[in-house]
Amino acid sequence: MIESKKVEREEARPYETYLDKKGLMSWLFTLDHKRIGLMYLTISMLFFLVGGLFALIFRSELMFPGKQFLSPYAHNVLFTLHGAILIFMVIIPMIPAGFGNFFLPIMVGAKDVAFPRLNLMSVWLFAIGGILLLLSLLFGPIDTGWTFYTPYSASKGLNVFIVSLAVFILGMSSILTGLNFIVTTHKLRAKGMTWGRLPLFVWALYATSLVQIIATPVLGITLLLLGLENLFHIGFFNPKLGGDPVLFQHLFWFYSHPAVYLMILPAFGVVSEVVSIHSRKHIFGYWFIAASSLAIAFIGFLVWGHHMFTAGMSPTADVLFSFLTFFVAVPTAVKIFNWVATMYRGKVRFTTPMLYIFAFLFIFLVGGLTGLFLASVGTDIHLHDTYFVVAHFHFTMVGAAVFAIFAAFFHWLPKMFGRMYNERWAKVGWLLNFVGFNLTFIPQFIMGSMGMPRRYWDYPVEFWPYHFTSTIGAFTIATGVLISVAVILHAILKGKKAPDNPWGGMSLEWQIPSPPPTENFLEEPVVEHGPYDFGKEEGH
Amino acid sequence: MNIIRTVFIRGAYLCKRFAIRPYNFRMLHLLALLPERASKVALDVDTVFWVVFWLSAIAFVGVVLTMLVFMFKYRAREGDEEPGEYITHNNAVEITWTVIPAVGLFAIFFLSLHAYRRLKYPESVALTVNITGRQWGWKAEYPDGKKLITGTIKKEGPITPKDFSPILYVPAGEPVEVVLTSQDVIHSFYVPEFRVKYDAVPGRYTKLWFQALKPGKYPVLCTEYCGMWHSRMPALIVALKPDEWERFKSIDASTFNSTFASMPVDSFLAVLRLPDEEFAKVVGAQKKAMASMPLHKRGELLYQQLCSSCHTTDGSRLVGPSFKGLYGKMEKLKDGSTVKVDENYIRESILDPTAKIVAGYPPAMPPFQGQLSEDEIQALIAFIKTLK
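From first to last, the protein sequence lines stand for chains A and B.
The numbering used here numbers the first residue of the first sequence as 432 and each following residue consecutively.
The numbering used here numbers the first residue of the second sequence as 371 and each following residue consecutively.
Don't read these hints as lab results, they were simulated from the structure.
Treat each hint with caution, since some may be false.
Not everything, but these chain B residues come out facing chain A in the computed CB check (under 10 Å) [what the hints assert, rightly or not]:
| id | residue |
| --- | --- |
| 1 | D450 |
| 2 | V463 |
| 3 | L497 |
| 4 | E563 |
| 5 | G685 |
| 6 | R687 |
Note that the Cβ used here is the ideal one computed from N, Cα and C, for glycine as well.
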């Protein structure tokens, strides 16, 4: 029985796929960008579930006022790890290092990334960083918040040192990936792959990589200083040793604000791909979308101060950062308009990836527009460090980035594994995620503007109904995520065989067989049309 | 099933216990969205808030409606394999929808500057108070020496504003300036009803100001994560009527600090509202009681104000060593030497704590040099001596 199935498979695929080699070593020491991408996705997915579990635990604690079952310390540790894990292990790497590794070389028409060994090293560093992050739990969990604000974090000794070392290593891995992508995009494009024919996903990854290699070293340096301060009591940030705690915030946000664009730009890339292919229509305003990615990457470097409107900067700095923050909203708005316009006179299909994009646009709009309340320095003073901010960045980071991750999964799953997922259950998962998400975070907007501070183990009783609703929503998301993950696993293991190009895409990854051959292309690709030339007739 | 039952029972209990009913529930003031507008700048802030809110709402509804219309109008019918129309771009449209949001955004920016200026610069200042944050509470000091100190609420049950202690008594209708700093980590002083917030940063001063519109009690919450009990260091600002404020000012600092400062808000307000003669009598009696109070009793009051967040009296460990059995003990110091805890050692440790640090403890205590009178130091020593 098994034998005959194997034969059937081999008949169906008269070439060697990247999945054919077996054994653990063939994965751990692979130089194949597709396998490395899959390893990234697997690690990130595991951490995604762990980080989500932490959120469920502390949301259960917050379901009622007063102490339920967690001590304040345990609660603080959990929200710290929730943030650190989901940001550094999931949202930052998942699309660029996971899907990007898998698809960027194929999309530009290359056999692999420019530096395959560097690529392997970066996934190794990524795994080591992740393990170290978890090991820190054994050395003494940290409760500093993922922002490590000094001087609170400056006198914790070894614990903070280990976590900052972990994040330092993760940053290193991120820099190497960015470097690899930039060189690949410049040097390894196939014949006929002009800059104007690059899929917008590649443009988004290119902009992301620029941010990665410019901003991440600053985070590395900052955390190194923090580590040194903790181990050797050198006064960089602790005022008792002559340091300046606000300096830490400047350095930290100089990385961490661009980092939010690290998280969202790749998601924008996914949206551009999915919206065009599933509407079967040319993307509207290709150059405007590509240029707005670069504009966001650039302006993103100039707005970090808006995290510090209440920290005691000079009024001039406050006003300037507020102004620049409004400026970054413009290219973002342009992108949204272009995506909506892409559907105009298209043939929109209600597939699961497309449903995730609808949810993305809906949620990202809310996330972006509520950003205006925080960008305007007058209202930010009131809303700063309340649940309004928590809801705002979950709308942009989870509602948008994580929904784009799911869109990417369902969009590219048939290509990655040659298997189709169960459309009905995938849609059930989508509905639960979308409803649960709004149920969780809309009450947080309301309680935030009513004055509920963030990072609270307990709250005055008047905020109870919002917290209660929010927790119910969190469990709804958890159900949706578990169903979606089950659908993905089921598709990989037992899914029906998928055609090579189920959505009728025109970019290079849809022109090769599924799952992709080891060297991506069976014959050297020559690109003769753009990635979105749907309905283009001769002579256009 | 058990979990659902527990959730249901807990919910019903809370509704009953805290009289949460639909009509007195802040949640159902959904359209209000913001807390009560209790300070002069709140209206400026709220105006920006609502302008941004409605502009955003229009943009949101517009984009989502367009998206829904496109989705359904241009959906692929069953079996339709044809691609959509070949439209790639339209520069006029692109420029329009780049310029219009840009103009709108800059309008919001300029509007918000007005609110920011009002938040930042008071027209005049009637009173300046210094407030210092610590893990986990606040300390306020008036120019005349009155001091208020709030602590950590460590109970496990739910808390309401009734559990909060007062950190400031201010005159309603007068601009009050607060100079903030912190003695340990960063805290943030947030009064939702006043729409003001500023970080209390160790090693530097930040300022905020507010002008309460009417008498009342307004919660202060910490909004910069500061460790274990971050959520449990709330306090109250009490805005007083003009005559109450006059009464408040008339109480001398040492009487206030030793008695009224630690009184619950409502009892103290009742004192302020007494008829003239009775008020004078109560204050006089407190002053007398203060003067005739045994030294160690006065020390105990000081201990509760100044030392209790880091030193216990029951032998357990907080930030610093416990005071229980401290007097007369031989303490091992960080440099390996030993010292006998006597009056002079305690005095030195209060005024210059880092001079001799007990082994195993961080050099975390701020020096009290110049902050305590000789009288107060003696009172503290007398109190420590009683803790056998």
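So, going through the hints one by one against the coordinates:
Restraint check, D450/B versus chain A: the minimum CB separation of about 6 Å is within 10 Å; hint holds. For V463/B, the suggested interface contact is upheld, since its CB lies about 7 Å from the closest CB of chain A, less than 10 Å. At a threshold of 10 Å, the smallest CB-CB gap from L497/B to chain A is about 21 Å, leaving the interface hint violated. For E563/B, the interface hint holds, since its Cβ comes within 10 Å of a Cβ in chain A; the closest pair sits about 8 Å apart.
With a cut of 10 Å, the hint placing G685/B at the interface with chain A is violated, because the nearest CB-to-CB distance is about 21 Å. Hint on R687/B is violated. Least Cβ distance to chain A is approximately 15 Å, over the 10 Å limit.
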